[in-house]
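Trainee: Sequence lines, in order, name chains P and B.
Quick note: to get the working numbering, add 283 to the position in the first sequence (first position is 1).
Quick note: to get the working numbering, add 283 to the position in the second sequence (first position is 1).
Don't take every hint at face value.
Since the list can't tell identical chains apart, any single copy or any two copies may satisfy a pair.
[What the hints assert, rightly or not] Subject to a maximum C-alpha distance of 20 Å in a straight line, what follows is the list of computed SDA-like cross-link-like pairs (lysine to any residue): (1) LYS406 / ALA418; (2) LYS406 / ASP434; (3) LYS321 / ARG295; (4) LYS321 / HIS448; (5) LYS406 / ARG416; (6) LYS321 / GLY395; (7) LYS321 / ALA311; (8) LYS321 / GLN334; (9) LYS321 / GLU372; (10) LYS321 / ASP331; (11) LYS321 / ALA301; (12) LYS406 / LEU445; (13) LYS321 / PRO399; (14) LYS406 / THR373; (15) LYS321 / ASN430.
Quick caveat, the hints were computed from the structure, so don't treat them as lab data.
These figures come from a predicted structure and were not determined experimentally.
Number of protein chains: 2
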Amino acid sequence: MAEQVSGPEIQRLIQLLARLPGLGPRSARRAALHLIRKREELLGPLSDAMQVARERIVTCSSCGNVDTSDPCVICRDERRDPAVLIVVETVADLWALERAAALRARYHVLGGTLSPLDGIGPKDLNLASLVERVATGGVGEVILAVNATVDGQTTAHYVTDLLSHLDVRITRLAHGVPVGGELDYLDDGTLSAAIRQRTDF
Amino acid sequence: MAEQVSGPEIQRLIQLLARLPGLGPRSARRAALHLIRKREELLGPLSDAMQVARERIVTCSSCGNVDTSDPCVICRDERRDPAVLIVVETVADLWALERAAALRARYHVLGGTLSPLDGIGPKDLNLASLVERVATGGVGEVILAVNATVDGQTTAHYVTDLLSHLDVRITRLAHGVPVGGELDYLDDGTLSAAIRQRTDF
Numbered sequence: 284m285a286e287q288v289s290g291p292e293i294q295r296l297i298q299l300l301a302r303l304p305g306l307g308p309r310s311a312r313r314a315a316l317h318l319i320r321k322r323e324e325l326l327g328p329l330s331d332a333m334q335v336a337r338e339r340i341v342t343c344s345s346c347g348n349v350d351t352s353d354p355c356v357i358c359r360d361e362r363r364d365p366a367v368l369i370v371v372e373t374v375a376d377l378w379a380l381e382r383a384a385a386l387r388a389r390y391h392v393l394g395g396t397l398s399p400l401d402g403i404g405p406k407d408l409n410l411a412s413l414v415e416r417v418a419t420g421g422v423g424e425v426i427l428a429v430n431a432t433v434d435g436q437t438t439a440h441y442v443t444d445l446l447s448h449l450d451v452r453i454t455r456l457a458h459g460v461p462v463g464g465e466l467d468y469l470d471d472g473t474l475s476a477a478i479r480q481r482t483d484f
Numbered sequence: 284m285a286e287q288v289s290g291p292e293i294q295r296l297i298q299l300l301a302r303l304p305g306l307g308p309r310s311a312r313r314a315a316l317h318l319i320r321k322r323e324e325l326l327g328p329l330s331d332a333m334q335v336a337r338e339r340i341v342t343c344s345s346c347g348n349v350d351t352s353d354p355c356v357i358c359r360d361e362r363r364d365p366a367v368l369i370v371v372e373t374v375a376d377l378w379a380l381e382r383a384a385a386l387r388a389r390y391h392v393l394g395g396t397l398s399p400l401d402g403i404g405p406k407d408l409n410l411a412s413l414v415e416r417v418a419t420g421g422v423g424e425v426i427l428a429v430n431a432t433v434d435g436q437t438t439a440h441y442v443t444d445l446l447s448h449l450d451v452r453i454t455r456l457a458h459g460v461p462v463g464g465e466l467d468y469l470d471d472g473t474l475s476a477a478i479r480q481r482t483d484f
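Extracted from the complex, chain P is given alone in its bound form (with noise of 0.2 Å):
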């Protein structure tokens, strides 16, 4: 029925949108009718950075981020404490702890986490060039900053097997209360680590 409305090109970048995260059909069809009123403002500019994005981006072949470049921004920042790697599961939690601008350290992306019933194992993540990348030194601390899910401390034990032989010191994100966060509102697991991991006022 839909195809009769305005034929199979409109159809087709609806269904490509429906695809995008958090746009369903109907969201889909908002988004297509919205780049073809908006044509020189937005449906041009984007299907540009599109094209542009398939062309050059590329994985950084050190430390998994993507970048237009390989080395990536991040590997090749020389004011980047290059004794510090920060382990993460995915480039957005990358994005993310570079958004809270925590530490100026490198990062590794794992690409992923270790999940047996989802078939996916240590060949699946990017293990060996982290084992690499600590052992030809100059690395001082691994911060395993994954997520404080089952498969993320899965993977977080693993690689601490792996890199036991490295002389080099592993450490985690900090449970505890989130900034803003309400008590009330809390699970009883991030209170008791809260509670436990408490710090002197």
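With the hints as your guide, set chain B onto chain P.
Mentor: Here is chain B on its own, set in the frame of chain P:
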């Protein structure tokens, strides 16, 4: 700060994606990473579909629908009743009515509603072409399928006045209880309309 993570090309992609309705800064980042991860399956095809849309989509000079041909598929469809013209505010409304497949008629897209507060007057809507379509004959009924909002109803009254000197029946959508709707959750206006316009069972 964010520019340091991954070069200006990805930032630009994120900024443009964030201008789509339904995507905020965070979901635009997720969408961009998703696109980069699925370069072959999604980024490429979507980028191509946008190029096609950019180059080929036109506004139908007869009804105001968007399509890759002018007149659009609906105006070209000879199986549709040429005597019935459904007046809608936007192309999205046209698509919604087509999805409902309630009536195989032709459409006329006004391109908005009269809204003095937003500076939208009769000149900004496709009203002259509507009068011309009705005046040149063949149209026996104009269905005002505008939104049940103040602006929509103002526009409906204005259109009725415009067409009053022509020999055409003017109708509007029924008000009432939405299918599947629960009375307890409906506003008073809808409930009174549903009572007033009750039908035989």
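Trainee: Is the C-alpha distance from LYS321 to GLU372 at most 20 Å within one copy, between copies, in both cases, or in neither?
Mentor: between (37 Å within a copy, 17 Å between copies)
Trainee: Given identical chains, is LYS321 near ALA311, meaning Cα to Cα at most 20 Å, within a copy, between copies, both, or neither?
Mentor: The answer is both: 15 Å in one copy and 18 Å across copies each meet 20 Å.
Trainee: Up to 20 Å between alpha-carbons, please classify LYS406 paired with ARG416: within, between, both or neither.
Mentor: within (17 Å within a copy, 67 Å between copies)
Trainee: Treating 20 Å as the Cα threshold, decide for LYS406 and ALA418: within, between, both or neither.
Mentor: within (18 Å within a copy, 72 Å between copies)
Trainee: Treating 20 Å as the Cα threshold, decide for LYS321 and HIS448: within, between, both or neither.
Mentor: Classified as neither: same-chain Cα gap 58 Å, cross-chain 36 Å, threshold 20 Å.
Trainee: When no copy is named, should LYS406 and ASP434 be tagged within, between, both, or neither for a Cα gap of at most 20 Å?
Mentor: within (15 Å within a copy, 60 Å between copies)
Trainee: Checking LYS321 and GLN334: alpha-carbon separation at most 20 Å within a copy, between copies, both or neither?
Mentor: both (18 Å within a copy, 14 Å between copies)
Trainee: If the cut is 20 Å between Cα atoms, do LYS406 and THR373 qualify within a copy, between copies, both or neither?
Mentor: Classified as within; 16 Å inside a copy, 52 Å across copies.
Trainee: Within a copy, between copies, both or neither: which one fits LYS406 and LEU445 at a CA-CA cutoff of 20 Å?
Mentor: within (13 Å within a copy, 71 Å between copies)
Trainee: When no copy is specified for LYS321 and PRO399, does a C-alpha distance of 20 Å or less occur within a copy, between copies, both, or neither?
Mentor: neither (46 Å within a copy, 23 Å between copies)
Trainee: First find the shortest C-alpha distance between LYS321 and ALA301 inside one copy, then the shortest across copies, and answer within, between, both or neither for a cut-off of 20 Å.
Mentor: both (19 Å within a copy, 14 Å between copies)
Trainee: With 20 Å as the alpha-carbon cut-off, assign the pair LYS321 and GLY395 to within, between, both or neither.
Mentor: between (37 Å within a copy, 15 Å between copies)
Consistency with the previously given hints fails for numbers 4, 13, 15, ordered from lowest to highest.
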